[in-house]
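Colleague: Start from chain H and add chain D according to the hints.
So you can see what is in the structure, the chains are spelled out below.
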Amino acid sequence: MNLKVKIGSLELKNPVMTASGTFGYGEEYSEFVDLNDLGAVTVKGISLKPMEGNPTPRICETACGMLNAIGLQNVGLKIFLKEKLPFLRKYDTKIIVNVLGNSIKEYVKISENLDGAGVDAIELNVSCPNVKKGGISFGTDGKMLGKLVSKVRDAVKKSVLITKLSPNVSDIRDFARIAEDAGSDAVSLINTITGMAIDIKTRKPRLANITGGLSGPAIKPVAVRMVYEVYRTVRIPIIGIGGVMNADDAIEFIIAGATAVAVGTANFINPSATKEILDGMVKYMELENIEDISSLKGTVGVE
Amino acid sequence: MVEVNKGFDPILKRAFSLFRRTSDGFQILYRIIGKGTSVLRSMKEGTEIDVLGPLGNHFRAPKQNQIPLIIAGGIGIASVFPLIRKLEGRAYVFYGARTGKELFMLDELKTISKELVIATDDGSAGEKDTIIGVLNKFLKNRPSLIANYSIYSCGPRPMLEKIAGISAVHDIKAYVSLEENMACGIGACLGCVVKTVNGHKRVCREGPVFDIREIEW
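Chains H and D are the protein sequences, given in the same order.
Position 102 of the first sequence, counting from 1, maps to 102 under my numbering, and the rest follow consecutively.
Position 169 of the second sequence, counting from 1, maps to 169 under my numbering, and the rest follow consecutively.
Just chain D, same shape as in the assembly:
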């Protein structure tokens, strides 16, 4: 949870995933979508801000015999990026956005992925398709390995919901990092819950990463 403002408007901290460690701290990758992120961008370099974390769980790296498929929609790349790095060239990465301008870190992603597949809605970068479209093509072309695949994903909810369908149809293990409006980040306010087969769970505490079969879409 990152403070974006010293005053009361906006008042709440914002939840971000740890994008990358640096020698003296860490980086977050964010898209400006509202008041909080706008204020954050206007902050001067060197401004001290309050950070609470790390909070919640994280993606667990797959076993050696598994073939990781990492699927990122839009700014969802921020939360899967550390996993892609950790897997050091083992991961097939599917990265989609509305338009090429909204794709980040492409050069680095190319070097740290086994294969990088790009898709944009307007075709300005990679294939003109949804990330679900290219994923389906991939699975269709390489069906023999399906038993070894495991999926790790972060992105808009409709995309994750479709991945849940794919995961069920092909019986592929899948883990997703979820987003919800959050106030406290430490499991007290119960604002960020998600409906699971085991009742409401807190995205900030039991998540943000969940087994896709656990979520009630």
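The following block holds chain H by itself, in its conformation from the complex:
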């Protein structure tokens, strides 16, 4: 049985990875999952300087999902390289670092440093809905996105370049195409969908940030649809994200056109979710007589 997949030039031992922001820096989960089992670990978004994040409440449960507005709290590039990356290097898994900046210059600087430090892939975070500056403004403005991706492309030598797309646009295919044309090796989708919840007693928003990003099974059909659409638009590999809770969900994304899947909210509910999803995929392949996971990719039957 072959579970190996390729994201650009990066070979993953299997298609199960983690979604940025849901897996900390990997160490938080290391007592629940053998990180060696995972195709890749994508760590929390890293900015140039440490970020404090948003005030609380930062999360709120919704039907079949949750809203979050963490605001990209992270240790910053320097501490990441010094304290967090060495831990991950001990494992036989690929390391993907989610990168965010307030300007193209910042994105380039962080990416250059990570590339120099030898991380396997860089995922450009242009789709976080919870911070005012940077982030999503790149992901929802095609011109800016093209410029950003090509500048980072020029600066990055070895690391594979992934662009994480926002679903909060009129047509995600346009942005996937722009990322591909600008030199991105892959796209990951979707980031969270902007949402809001109100406490009807206090008549106040349930999140201090007012709005937040919706994740979990509630958004899976949207994500599957977008992966399906993007698969028919670009040639670069797609990492499917959005409400992957079990192996069936992961398989569904692959059939829609994803090369790999990233597990997000499920990690919060069950810290061993990634491994269980992988095991379930193997079982499915045995049952369905599938020799190579890649043979499933994009096989959704539409006339």
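Just so you know, these hints were derived from the structure itself, not from any lab.
In this text, all values refer to a predicted model and were calculated from it rather than measured experimentally.
The reader is advised that the hints may include incorrect statements.
[As the list claims (entries may be wrong)] Computed Cβ-Cβ distance ranges for the label pairs, DEER-style:
no., chain 1, residue 1, chain 2, residue 2, range
1, D, 211, H, 87, 26 to 32 Å
2, H, 211, D, 211, 50 to 56 Å
3, H, 286, D, 213, 18 to 24 Å
4, H, 202, D, 168, 26 to 32 Å
5, H, 221, D, 49, 25 to 31 Å
6, H, 211, D, 122, 35 to 41 Å
7, H, 287, D, 53, 33 to 39 Å
8, D, 41, H, 137, 43 to 49 Å
9, H, 143, D, 53, 37 to 43 Å
10, D, 158, H, 287, 55 to 61 Å
11, H, 283, D, 54, 31 to 37 Å
12, H, 137, D, 211, 38 to 44 Å
[Stated by the list, open to error] A short, non-exhaustive set of chain H residues, derived as facing chain D with CB atoms under 7 Å:
no., residue
13, 24
14, 28
15, 56
16, 58
17, 59
18, 61
19, 182
[What the hints assert, rightly or not] Here are the simulated EDC-like cross-link-like pairs (lysine to aspartate or glutamate), alpha carbons at most 20 Å apart as the crow flies:
no., chain 1, residue 1, chain 2, residue 2
20, D, 201, H, 83
21, D, 201, H, 171
22, D, 86, D, 107
23, H, 6, H, 27
24, H, 201, D, 180
25, D, 6, H, 248
26, D, 6, H, 276
27, H, 204, D, 107
28, H, 143, H, 171
29, D, 201, H, 27
30, H, 158, H, 106
Beta carbons are placed, not taken as given, at the ideal position from N, Cα and C, and that holds for glycine.
Modeller: Structure of chain D alone, referenced to chain H:
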């Protein structure tokens, strides 16, 4: 973190404090406040649920020369209860709620506390006062021992904030167990942070118990 549901609605585990160990497990004490706890209550006896824990830190018992004052507001009693038991009759316990019906474990609390002071907003049990009111009275009546007091508390945030004030005014050491919305419980989601003098800290990991002077109220 306790699973309250096998399906996806509600989807998240709920954070509870370990209320009491039993011979074959442990108990939690909870109040029904929303969807999660309602579903939890409707569960049939014998249902298997997933539990992740114990997580985070806990109250540290005070030294022998210290006089522990334990202050619980509402369901906050659940998180200080193990400490009261551990202290075996050494603790002065102040326990308040909106109404007498919301007070639990009173008989046992009486036997395991040095002194149990009850207050309710409506006066249906104990004194008709807030728990802060009765605490202030207590401190006023026994000022000579203030240097030996240490406070341990769990309850609504406004109550804890007032305790922070009392702790500062009288220079009494105080520790509080905090609550925040939590998703993962293991320090990854950063949903449950609290603002401290040393930046954001995670209630699930560095807490839930904090030195009261560390918190930015």
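Colleague: Would you mind marking each hint as holding or not holding in the structure?
Modeller: Structure-based check of all given hints:
Between residue 211 of chain D and residue 87 of chain H the Cβ separation comes to about 28 Å, which falls inside the hinted range of 26 to 32 Å. Hint check: residue 211 of chain H to residue 211 of chain D, Cβ distance near 34 Å, so the stated range 50 to 56 Å is violated. In this structure the hint that residue 286 of chain H and residue 213 of chain D lie 18 to 24 Å apart at CB is violated, the actual value being about 58 Å. Here the CB-CB span from residue 202 of chain H to residue 168 of chain D is close to 29 Å, well matched to the stated 26 to 32 Å.
As the Cβ distance of residue 221 of chain H to residue 49 of chain D is approximately 28 Å, the hint placing it in 25 to 31 Å holds. Separation of residue 211 of chain H from residue 122 of chain D is about 39 Å and conforms to the stated range, judged on CB atoms against 35 to 41 Å. Range check, residue 287 of chain H to residue 53 of chain D: Cβ separation about 35 Å, and the 33 to 39 Å hint holds. Range check, residue 41 of chain D to residue 137 of chain H: about 46 Å between beta-carbon atoms, so the 43 to 49 Å window is met.
Taken as a hint, the range 37 to 43 Å is violated for the pair residue 143 of chain H and residue 53 of chain D, whose Cβ atoms sit roughly 49 Å apart. Separation of residue 158 of chain D from residue 287 of chain H is about 56 Å and conforms to the stated range, judged on CB atoms against 55 to 61 Å. Range check, residue 283 of chain H to residue 54 of chain D: about 32 Å between beta-carbon atoms, so the 31 to 37 Å window is met. For residue 137 of chain H and residue 211 of chain D, the Cβ-Cβ distance of about 40 Å falls inside the hinted range of 38 to 44 Å, so the restraint holds.
At about 4 Å, the closest approach between the beta carbon of residue 24 of chain H and any beta carbon in chain D falls short of 7 Å, and the interface hint on this residue holds. Using the Cβ-Cβ criterion of 7 Å, the hint placing residue 28 of chain H at the interface with chain D is satisfied: the shortest such distance is roughly 4 Å. With 7 Å as the threshold, the beta carbon of residue 56 of chain H comes within range of chain D, its nearest partner Cβ sitting at about 6 Å, so the hint holds. Look at residue 58 of chain H: its Cβ gets to within about 5 Å of chain D, closer than 7 Å, so that hint holds up.
A hinted interface residue such as residue 59 of chain H counts as satisfied when its beta carbon comes closer than 7 Å to some beta carbon of chain D; here the least separation is about 4 Å, so the hint holds. Checking residue 61 of chain H against chain D by beta carbon gives a least distance of about 5 Å; that is within 7 Å, so the hint holds. At its closest, the beta carbon of residue 182 of chain H sits 31 Å from a beta carbon of chain D; the interface hint therefore is violated under the 7 Å criterion. Our distance criterion of 20 Å between C-alpha atoms is met by residue 201 of chain D and residue 83 of chain H, whose separation comes to about 18 Å.
Taken as a hint, the residue 201 of chain D and residue 171 of chain H pair is broken in the structure, with Cα atoms around 39 Å apart against an allowance of 20 Å. Distance check on the hinted pair: residue 86 of chain D and residue 107 of chain D sit about 17 Å apart at the alpha-carbon level, within 20 Å; holds. Proximity of residue 6 of chain H to residue 27 of chain H is assessed by CA-CA distance (about 25 Å); at most 20 Å being required, the pair is judged violated. Between residue 201 of chain H and residue 180 of chain D the CA atoms are separated by roughly 19 Å; this keeps the pair inside 20 Å, and the hint holds.
Taking the CA atoms of residue 6 of chain D and residue 248 of chain H, the gap is near 17 Å; set against the 20 Å cutoff, the hint holds. Note on residue 6 of chain D and residue 276 of chain H: the hinted pairing holds, with a Cα-Cα distance of about 16 Å set against a maximum of 20 Å. Between residue 204 of chain H and residue 107 of chain D, the direct Cα distance comes to roughly 40 Å. Violation of the 20 Å bound is thereby established for this hinted pair. Restraint check: the Cα-Cα separation between residue 143 of chain H and residue 171 of chain H comes to about 14 Å, which is no more than 20 Å; the hinted pair holds.
This hinted pair checks out: residue 201 of chain D and residue 27 of chain H have alpha carbons roughly 17 Å apart, not beyond 20 Å. Proposed proximity of residue 158 of chain H and residue 106 of chain H is supported: the alpha carbons are some 19 Å apart, at most 20 Å.
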